[in-house]
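Student: The chain contents come next:
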Amino acid sequence: MSRTFLRGDRRRFLARVAGAAGAMLLSGCNRLSQTEWFPRILGVGEKASAAAAALVTSRRSMAQEFTEADRSPQFRSNGTSNPDSPAYQALAAQGFAAYRLEVGGLVAAPASFSLAELRALPARTQITRHDCVEGWSAIAKWKGARLAAVLDAVRPTPDARYAVFHCADPMEADGSDLYYESIDLDDARHPQTILAYEMNDAALPVANGAPIRLRVERQLGYKHAKYVMRIELVASFDRIAGGRGGYWEDQGYQWFAGI
Amino acid sequence: MPTTAERAPATGYLYRRHSLPVRITHWINAIALTILLMSGLQIFNAHPALYWGKSSYAGAPPWLEMGALQKADGDLVGITRVFGREFDSTGLFGASNNRAGAPVPRGFPWWTTIPDNAWLSMARSWHFFFAWILVLNGLCYIAHSVGSGHLARDLAPTGADWRGVGRSLVDHLRLRHPAGEASKRYNVLQKFAYLAVVFVLLPLLLLAGLAMSPWLGAAWPGWVDVVGGRQSARSIHFIGAWLLSGFVLIHVFEVAVTGLWNNLRSMITGRYRVGGEEGS
Chain G
1 MSRTFLRGDR RRFLARVAGA AGAMLLSGCN RLSQTEWFPR ILGVGEKASA
51 AAAALVTSRR SMAQEFTEAD RSPQFRSNGT SNPDSPAYQA LAAQGFAAYR
101 LEVGGLVAAP ASFSLAELRA LPARTQITRH DCVEGWSAIA KWKGARLAAV
151 LDAVRPTPDA RYAVFHCADP MEADGSDLYY ESIDLDDARH PQTILAYEMN
201 DAALPVANGA PIRLRVERQL GYKHAKYVMR IELVASFDRI AGGRGGYWED
251 QGYQWFAGI
Chain S
1001 MPTTAERAPA TGYLYRRHSL PVRITHWINA IALTILLMSG LQIFNAHPAL
1051 YWGKSSYAGA PPWLEMGALQ KADGDLVGIT RVFGREFDST GLFGASNNRA
1101 GAPVPRGFPW WTTIPDNAWL SMARSWHFFF AWILVLNGLC YIAHSVGSGH
1151 LARDLAPTGA DWRGVGRSLV DHLRLRHPAG EASKRYNVLQ KFAYLAVVFV
1201 LLPLLLLAGL AMSPWLGAAW PGWVDVVGGR QSARSIHFIG AWLLSGFVLI
1251 HVFEVAVTGL WNNLRSMITG RYRVGGEEGS
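If you're matching them up, the sequences are chains G and S in order. Everything in the first sequence is counted per the numbering used here, starting at 1 for the first residue and increasing by one. Everything in the second sequence is counted per the numbering used here, starting at 1001 for the first residue and increasing by one.
Don't read these hints as lab results, they were simulated from the structure. Here a beta-carbon is modelled for each residue, glycine too, at the ideal position from N, C-alpha and C. There could be a bad hint or two in this list.
Said to hold, decoys possible - Some chain S residues near chain G, calculated using beta-carbon distances under 10 angstroms:
1) SER1056
2) ARG1124
3) GLY1217
4) GLY1222
Unchecked claim - Rough simulated footprint, nothing fancy, chain G against chain S, three-plus residues with beta-carbon under 8 angstroms:
5) 1077 to 1090
6) 1126 to 1136
Said to hold, decoys possible - Per label pair, the in silico range of CB-to-CB distance:
7) G:GLN251 to S:GLY1147: 41 to 47 angstroms
8) G:VAL56 to S:LEU1243: 25 to 31 angstroms
9) S:ASN1117 to G:ALA111: 28 to 34 angstroms
10) G:ARG239 to S:TRP1220: 34 to 40 angstroms
11) G:PRO73 to S:ASP1171: 51 to 57 angstroms
12) S:ARG1176 to G:VAL56: 35 to 41 angstroms
13) G:ARG40 to S:PRO1021: 51 to 57 angstroms
14) S:VAL1135 to G:ASP159: 36 to 42 angstroms
15) G:VAL56 to S:LEU1092: 50 to 56 angstroms
Let the hints inform the model, and build the full structure from the sequences given.
Tutor: This is how it looks when you write it as structure tokens:
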């Protein structure tokens, strides 16, 4: 056999090895994604990111705020745009006059708030950027009651660690699987964390979460629960729905949505 | 595989070209970058459009967008829009067959993404895990390169290098490569390429990646504007990823045309043959 043949042969062999390696990588990554154990290893990345994020910020680090001119001409409605439930539709038909936000769980003084009562609480107005996990961003002006003020009113007990937001929008066509989200109490007490009742100087539209949506500005869009009906203070969210602290978290999305 | 008897007679001599830390970090890098690119394309697919500025609604349409149209006869057509110009990109961008052979709307096709089906949360898990691997591996490489003198000895361009840039460029285009003793050193374009990737392109990719994080944006409010805002960061991250892929393509091409086997062996066992059949 000639030398050139050997070199060509070797090259073809290596090309085949490279091709096979590519195919193995693809199918290997797919198979690993389907296992129970491998995504848990990948989850180390999420923990490392959360720890690093905590390291370079403080509890009070403020999300960037923008000018009126930066506001997006339209603010996209993503996910639910009009909750398909008789109870919500009845509330909306009367302009949410009968709406009451229930706050309970691990608190000393459970309470409920009408929209007027929420509007009477210390408020904050902020122009912030909403970053969807899909990749797009939109900027809008929000006004709402500071969640810290709500917590001060109900007085969480020392074992309360998370605030869970129970929403009106069913995620299944049969009306089940209500949207929910959770944040820790550091985030809940953050100055920019508000229960927004206004967007761009007008009452919050139904498409964007009327009458109340959470704004938790240092995290991705899916944390900003719309149509909030009830806030529950808990020590752990293990027993709520899928146990991972949110509707999208139960589908595999990261609970720490700061990245 | 050729047998030992058939192997070309090896002349010249073997020497240890790459240190163990360089070889280990090289291959970890190769794996991490491949996974980062492919999981990144899956993440891009969740919203296959790129913008400049702070938001996606700053007034201008996306500078790059992939979409799908359903024709009257039911066929799915992939459309790619770049700087306002539209291209039919069916089968590649915007619309392509899924693994089972059914046409679906998606940015990049299944065989370029990790995982292959549309699965954003899983792609994010892969991406952020291997981003940590890449960064830690890169820090190890830089620490080793500085500490061992690899950076100053092998990567810093010499005066002769600077004077020979033009000749080296012509040599590369003609696929003429240093042989013998000269093949033991990185040539000047190689040095420029490695330094640009290690100290400019990868840090820029990392910075643009970090600029997309709403939490890190709060570390020093306003710093994201340094890269033009979050949507610019996403565009820069995307462009940077393809520049890096371009580097890898050229790198692999150069490896192949300057003695594939000899080069590969030197990055696995460390040994490189100077002169003789393999050395070229």
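Student: Work down the list of hints and note, for each, if the structure agrees.
Tutor: The hints, checked one at a time:
1. Below 10 angstroms, beta-carbon pairs count as interface contacts, and SER1056 of chain S has one with chain G at about 4 angstroms; its hint therefore holds.
2. Because the closest C-beta pair between ARG1124 of chain S and chain G is about 7 angstroms apart, less than 10 angstroms, the hint holds.
3. For GLY1217 of chain S, the shortest C-beta to C-beta distance to chain G is roughly 5 angstroms, which falls under 10 angstroms, so the interface hint holds.
4. Below 10 angstroms, beta-carbon pairs count as interface contacts, and GLY1222 of chain S has one with chain G at about 6 angstroms; its hint therefore holds.
5. With 0 residues bearing a CB less than 8 angstroms from a CB of chain G, the segment 1077 to 1090 of chain S misses the requirement of three and the coverage assertion fails.
6. Under the rule that three or more residues need a Cβ within less than 8 angstroms of chain G, the assignment of the segment 1126 to 1136 of chain S holds, with 6 such residues.
7. Taking the beta carbon of each, GLN251 of chain G and GLY1147 of chain S are about 45 angstroms apart, inside 41 to 47 angstroms as hinted.
8. Separation of VAL56 of chain G from LEU1243 of chain S is about 27 angstroms and conforms to the stated range, judged on CB atoms against 25 to 31 angstroms.
9. ASN1117 of chain S and ALA111 of chain G have their C-beta atoms about 46 angstroms apart, which leaves the hinted 28 to 34 angstroms range violated.
10. Between ARG239 of chain G and TRP1220 of chain S the beta carbon distance is about 39 angstroms. The supplied range of 34 to 40 angstroms therefore holds.
11. Taking 51 to 57 angstroms as the suggested C-beta distance range, the pair PRO73 of chain G and ASP1171 of chain S conforms, at roughly 54 angstroms.
12. Under the hint 35 to 41 angstroms, the C-beta atoms of ARG1176 of chain S and VAL56 of chain G, about 49 angstroms apart, miss the expected range.
13. In this structure, ARG40 of chain G and PRO1021 of chain S break the distance hint of 51 to 57 angstroms, their C-beta atoms being roughly 30 angstroms apart.
14. For the hinted restraint 36 to 42 angstroms between VAL1135 of chain S and ASP159 of chain G, the CB-CB distance of approximately 37 angstroms keeps it satisfied.
15. One distance hint, 50 to 56 angstroms for the beta-carbon pair VAL56 of chain G and LEU1092 of chain S, is violated here, with the actual separation near 40 angstroms.
The structure shown violates the earlier hints numbered 5, 9, 12, 13 and 15.
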